[in-house]
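*Asks:* Residues per chain are reported as follows:
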Amino acid sequence: MKTIEQTTDEILNLAATHFKYPRADLQPGDDFYKKLGIDSLQALELLTRLENHFGVELPDYEVQGVSDFHTLATRIQARL
Amino acid sequence: MDEFKGKTLSWRIEGGAVELALDRPPANEIGLAMLEDLERFVSSLPALESKASALILYSKQKAGFSAGADLRELYEQAQKMDAPSAAKGVRAFLERIHAALNRLDASPLTTIAAVHGVCFGGGFELALVCDLIVADKMARFCFPELRLGLIPGFGGIPRLKRDAGNAVVRDLLLTGRSINATKALSAGLVSQVAAEGEALRLSRATAAQAAKFDRATAAAAKRFIKPLPAEELRREIDIFCELFTRPAVMEGLRKFVENAGPHPYLP
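Protein chains in written order, with the numbering used here: chain W, 487 to 566; chain U, 3 to 269.
Bound-form chain W, shown alone:
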């Protein structure tokens, strides 16, 4: 079982790679919409990449209103 820190770190790595953003500049509490400058279609790309990486289903209504990496990690953690 991954720890929440591990899950968060993997999310940050995936987001940095997918959106070509410097990993060192991403923090768990960051608002990913603002920090990465992404729209809802790009957020869906991130959601799909996370599902594929972690092997979980993450219904979009579960991430409704979620905009920071740490909270996103808790949602994924609940399904691991």
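Please keep in mind that the hints were generated in silico from the structure rather than gathered at the bench.
Hints should not be assumed to be uniformly reliable.
Capping the alpha-carbon separation at 25 Å, the derived lysine-lysine pairs in DSS-like fashion look like this [stated by the list, open to error]:
| no. | chain 1 | residue 1 | chain 2 | residue 2 |
| --- | --- | --- | --- | --- |
| 1 | U | Lys7 | U | Lys82 |
| 2 | U | Lys228 | U | Lys53 |
| 3 | U | Lys185 | U | Lys64 |
| 4 | W | Lys506 | U | Lys139 |
| 5 | W | Lys506 | W | Lys520 |
| 6 | W | Lys521 | U | Lys82 |
| 7 | U | Lys185 | U | Lys139 |
| 8 | U | Lys185 | U | Lys163 |
| 9 | W | Lys521 | W | Lys506 |
| 10 | U | Lys163 | U | Lys228 |
| 11 | U | Lys64 | U | Lys53 |
| 12 | U | Lys7 | W | Lys520 |
| 13 | U | Lys185 | U | Lys214 |
| 14 | U | Lys257 | U | Lys82 |
| 15 | U | Lys214 | U | Lys53 |
| 16 | U | Lys224 | U | Lys53 |
| 17 | W | Lys506 | U | Lys62 |
| 18 | U | Lys64 | W | Lys520 |
| 19 | U | Lys257 | U | Lys185 |
| 20 | W | Lys506 | U | Lys64 |
| 21 | W | Lys488 | U | Lys185 |
Here are the computed distance ranges between Cβ atoms for each label pair [stated by the list, open to error]:
| no. | chain 1 | residue 1 | chain 2 | residue 2 | range |
| --- | --- | --- | --- | --- | --- |
| 22 | W | Gln513 | U | Lys90 | 48 to 56 Å |
| 23 | U | Pro249 | W | Arg561 | 28 to 36 Å |
| 24 | U | Glu5 | W | Tyr547 | 41 to 49 Å |
| 25 | U | Arg93 | W | Gln513 | 49 to 57 Å |
Here chain W is said to cover these stretches of chain U; the calculated rule only asks that three of the stretch's residues, wherever they fall, bring their Cβ under 8 Å from a Cβ of chain W [stated by the list, open to error]:
| no. | stretch |
| --- | --- |
| 26 | 135-142 |
| 27 | 168-181 |
Since the model is a prediction, treat every value here as computed from it, not as a measurement.
Even glycine gets a Cβ: it sits at the ideal position worked out from N, Cα and C.
Given the structure of chain W, go ahead and fit chain U onto it with the hints provided.
*Replies:* Below, chain U without anything else, positioned relative to chain W:
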């Protein structure tokens, strides 16, 4: 016409398959312009069907296969007229798109949707017309219509019911959630999952395999295993039109159209 380039799509015959490429920025929203191009394609189908054994639908837009109906156009058109006229206009549009999609559905060609990115609403309905869906692993499927107070109107429900079990049909429709390619594969909606960027190549390989068989036999098999759910398709148009004139629908469309934030495609 073996080759054509319209405002929103193009087609050509390549390696024994007709390739229909959707290409309307930003995400192949299906409005009047795409409907007209689809109708042009359908009118060319008899000639194309005599020269090919498969049809591949794909998108040239990076965002995905199609984000669905052009809701901005729908809202703007509806705002220009009173409710009865708007309902009449929507019914006329639906009748035309059903005629085009039903013709594609029943084509004797083996039809394949090569899907990447978003495949939402009307885009999903267009993909469901095809015999096979080959999905990029980053593809995402969704019927978001209930968020707007509507049901899918391009034949999505009858075709979804034709292909999938109750659990996934009700989940997709009643929650409006999106699912990825792996989930769609396990639900029986997708035939193959491709690596990123490989859906079109796999679709071409699948089309080449389909071309090995006698066309008359393949067409007979298709007619047998994939009947058109004609009665339910008619009923879907009626229900959509009954729902469309409610104030809640116009309000939902207004919110979507005026949403300048980053969330319009999330529930």
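*Asks:* All hints, please: hold or fail.
*Replies:* Against the structure, the hints come out as follows:
no.: 1; hint: U:Lys7 to U:Lys82; in the structure: violated, 31 Å
no.: 2; hint: U:Lys228 to U:Lys53; in the structure: holds, 22 Å
no.: 3; hint: U:Lys185 to U:Lys64; in the structure: holds, 22 Å
no.: 4; hint: W:Lys506 to U:Lys139; in the structure: holds, 20 Å
no.: 5; hint: W:Lys506 to W:Lys520; in the structure: holds, 15 Å
no.: 6; hint: W:Lys521 to U:Lys82; in the structure: violated, 39 Å
no.: 7; hint: U:Lys185 to U:Lys139; in the structure: holds, 10 Å
no.: 8; hint: U:Lys185 to U:Lys163; in the structure: holds, 17 Å
no.: 9; hint: W:Lys521 to W:Lys506; in the structure: holds, 12 Å
no.: 10; hint: U:Lys163 to U:Lys228; in the structure: holds, 12 Å
no.: 11; hint: U:Lys64 to U:Lys53; in the structure: violated, 30 Å
no.: 12; hint: U:Lys7 to W:Lys520; in the structure: violated, 39 Å
no.: 13; hint: U:Lys185 to U:Lys214; in the structure: violated, 30 Å
no.: 14; hint: U:Lys257 to U:Lys82; in the structure: holds, 17 Å
no.: 15; hint: U:Lys214 to U:Lys53; in the structure: holds, 14 Å
no.: 16; hint: U:Lys224 to U:Lys53; in the structure: holds, 18 Å
no.: 17; hint: W:Lys506 to U:Lys62; in the structure: holds, 23 Å
no.: 18; hint: U:Lys64 to W:Lys520; in the structure: holds, 22 Å
no.: 19; hint: U:Lys257 to U:Lys185; in the structure: violated, 30 Å
no.: 20; hint: W:Lys506 to U:Lys64; in the structure: holds, 17 Å
no.: 21; hint: W:Lys488 to U:Lys185; in the structure: holds, 23 Å
no.: 22; hint: W:Gln513 to U:Lys90: 48 to 56 Å; in the structure: holds, 54 Å
no.: 23; hint: U:Pro249 to W:Arg561: 28 to 36 Å; in the structure: holds, 34 Å
no.: 24; hint: U:Glu5 to W:Tyr547: 41 to 49 Å; in the structure: holds, 44 Å
no.: 25; hint: U:Arg93 to W:Gln513: 49 to 57 Å; in the structure: holds, 52 Å
no.: 26; hint: 135-142; in the structure: holds (count 4)
no.: 27; hint: 168-181; in the structure: holds (count 5)
The structure does not agree with the numbered hints 1, 6, 11, 12, 13, 19 stated previously, though it agrees with the rest.
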